[in-house]
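Following the hints, put chain S in place on chain U, whose structure we already have.
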Amino acid sequence: MMIIVQDLKKSYGSFEVLKGVSATIEKGEVITIIGPSGCGKSTFLRCLNLLEQPTGGTIKFDGKVLNDKKTNINEVRKKMGMVFQNFNLFAHMSVLDNLCIGQTRLLGMQRDEAEKTARELLKTVGLAEKADNYPDELSGGQKQRVAIARCLSMKPDIMLFDEPTSALDPTMVGEVTAVIRRLARDGMTMVIVTHEMEFAKNVSNRIFYMDEGGIYEEGPPEVIFDAPNREKTKAFIHRIKSFRHEINSENFDFIGLTNELLNFCVANALSRANSNKAGLLSEELTVNLIDKKDLVGIYFSFPDNQESFELTVTYGGEARDVTQAAGMEADIIRGLISDITYTYDGTNRICMKW
Amino acid sequence: MEIDKAQNGDICVLTLTGRLDTATSPKLQEILTETISSSEKIELDFAAVDYVSSAGLRVLLSGEKNVKVNGKTMTLKNILPEVMEVFEITGFSGILTIV
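Residue numbers (our numbering), protein chains in the order written: chain U, 1 to 354; chain S, 1 to 99.
This is chain U alone, in the form it adopts within the complex (with noise of 0.2 Å):
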């Protein structure tokens, strides 16, 4: 066990935020904490490695109680790397410099070979031709992948993640949670405070809802998002209606997907308009447009009042906006859909909207 957290809690005077949390964290999970403004989310996160003095309860990392007097926070903290919403990075250096200092200060390498390890970081985030520019002259997506890139230069055993995307245009969400996703795959131990309720979906291993000052629900993402059993969760989770369909390409079932996507439709009263586009997508994406052995998956949400709607669909193969192709079959997609996003990130993703 990683984290062991017992009984934490935190006031500010005689507000009481988090009313006795505990939990485990173990090595290799990817954890997202979900829930309300100001339920405490990110005060719990910030607890964790001390950011925030709890006022009662402790936090073990690594078999030592973090909030003991005699515990050395400095010294954990280098293992736990923290990426904020707004980024943090040192103004007046290099993206290098940002990379190189922690670890020529911190961790006592040598400046060759702390500035080899954040070319290679650099890299990995997609950033490498930028290590001489000031963070100034970054988009904020750029930004926030150099600073999980400095994270990662201490070589941490955790990475805790405040609303890395909350101060994002939402263009920019997407090349920053592909870093992290990333990560998740490379085992790293996460957690993640979000509001991307997508995002949430694939990366977690484990959802934390937190209300009422503590851990309301927790369970794996298909238990949280499409079954949540307390009033809270559901209530939260509801607020938008989703559906998701994996697809093993190996043997696509057509008639299956359909039967799926249009009792969902039925059990959330949709316009006979509406289902009948998201059908429509759905179709001519998955029978005729994209590979059968690259079909992923297909994700379709609305918000309770039904006021828009999102299909997205994802699948492998080389990078390819199949929404772009000659004939029919496309031009239905065009025709019924202005609002069309491509994203590539190793994954194709085809976002419509209407």
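There could be a bad hint or two in this list.
In silico EDC-like cross-links for lysine to aspartate or glutamate, where the CA-CA straight-line distance does not exceed 20 Å [to be verified]: (1) U:Lys78 x U:Asp68; (2) S:Lys41 x S:Glu82; (3) U:Lys27 x U:Asp186; (4) U:Lys353 x S:Glu82; (5) S:Lys27 x U:Asp68; (6) U:Lys130 x U:Glu115; (7) S:Lys27 x S:Asp10; (8) U:Lys353 x S:Glu85; (9) U:Lys234 x U:Asp253.
Chain U regions said to be covered by chain S (calculated; three or more residues, Cβ under 8 Å) [unchecked claim]: (10) 121-128; (11) 263-276; (12) 283-295.
Calculated from the structure, these hints are not laboratory results.
All C-beta atoms in this analysis are idealised placements derived from N, C-alpha and C, irrespective of residue type, glycine included.
Then chain S, alone, in the frame of chain U:
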């Protein structure tokens, strides 16, 4: 998809009910081919069809070619607005005879 076949004078009327998609189009293909071979005038009643995908369009296109080649006629009637939208996006409203 249900397909009902009835003779109305010299016109053979196919009344379709349901979705015309990848799964159901082969059935229309089969019945339409057979109907075109035995009738001069074919009418497709779309009043109860609320969904047509490219798979359905391909069947209609091959039917249209088939009647043209053989000097016969095929008309579509009672098309719902959401189906008409797909016909218009793909230019099929100009290819098919819609009344």
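Hints, verified against the model:
1. About 17 Å separates the Cα atoms of Lys78 of chain U and Asp68 of chain U, which keeps this hinted pair within 20 Å; it holds.
2. With a CA separation close to 26 Å, the supplied pair Lys41 of chain S and Glu82 of chain S exceeds the 20 Å bound.
3. Of the pairs offered as hints, the one joining Lys27 of chain U and Asp186 of chain U holds, with about 12 Å between alpha carbons and a cut-off of 20 Å not exceeded.
4. Taking the CA atoms of Lys353 of chain U and Glu82 of chain S, the gap is near 18 Å; set against the 20 Å cutoff, the hint holds.
5. Between the alpha carbons of Lys27 of chain S and Asp68 of chain U the distance comes to roughly 74 Å, so the proposed pair goes past 20 Å and is violated.
6. Distance hint between Lys130 of chain U and Glu115 of chain U is fulfilled; the C-alpha atoms sit about 13 Å from each other, no more than 20 Å.
7. With a C-alpha separation of about 24 Å, the suggested pairing of Lys27 of chain S with Asp10 of chain S is violated against the 20 Å cut-off.
8. For the proposed pair Lys353 of chain U and Glu85 of chain S, the alpha carbon gap of about 18 Å is at most 20 Å, so the pair holds.
9. At roughly 30 Å between alpha-carbon atoms, Lys234 of chain U and Asp253 of chain U are farther apart than 20 Å, so this suggested pair is violated.
10. Coverage of a stretch by a chain is defined here by at least three residues with a beta carbon nearer than 8 Å to that chain's beta carbons; for the segment 121-128 of chain U and chain S the count is 0, and the condition is violated.
11. Counting residues of the segment 263-276 of chain U whose CB lies closer than 8 Å to any CB of chain S gives 3, so the stated coverage by that chain holds, three being the minimum.
12. Note: the segment 283-295 of chain U has 4 residues with beta-carbon separation from chain S under 8 Å; the three-residue rule is met and the coverage holds.
Checked against the numbered hints above, the structure violates hints 2, 5, 7, 9 and 10; every other hint is satisfied.
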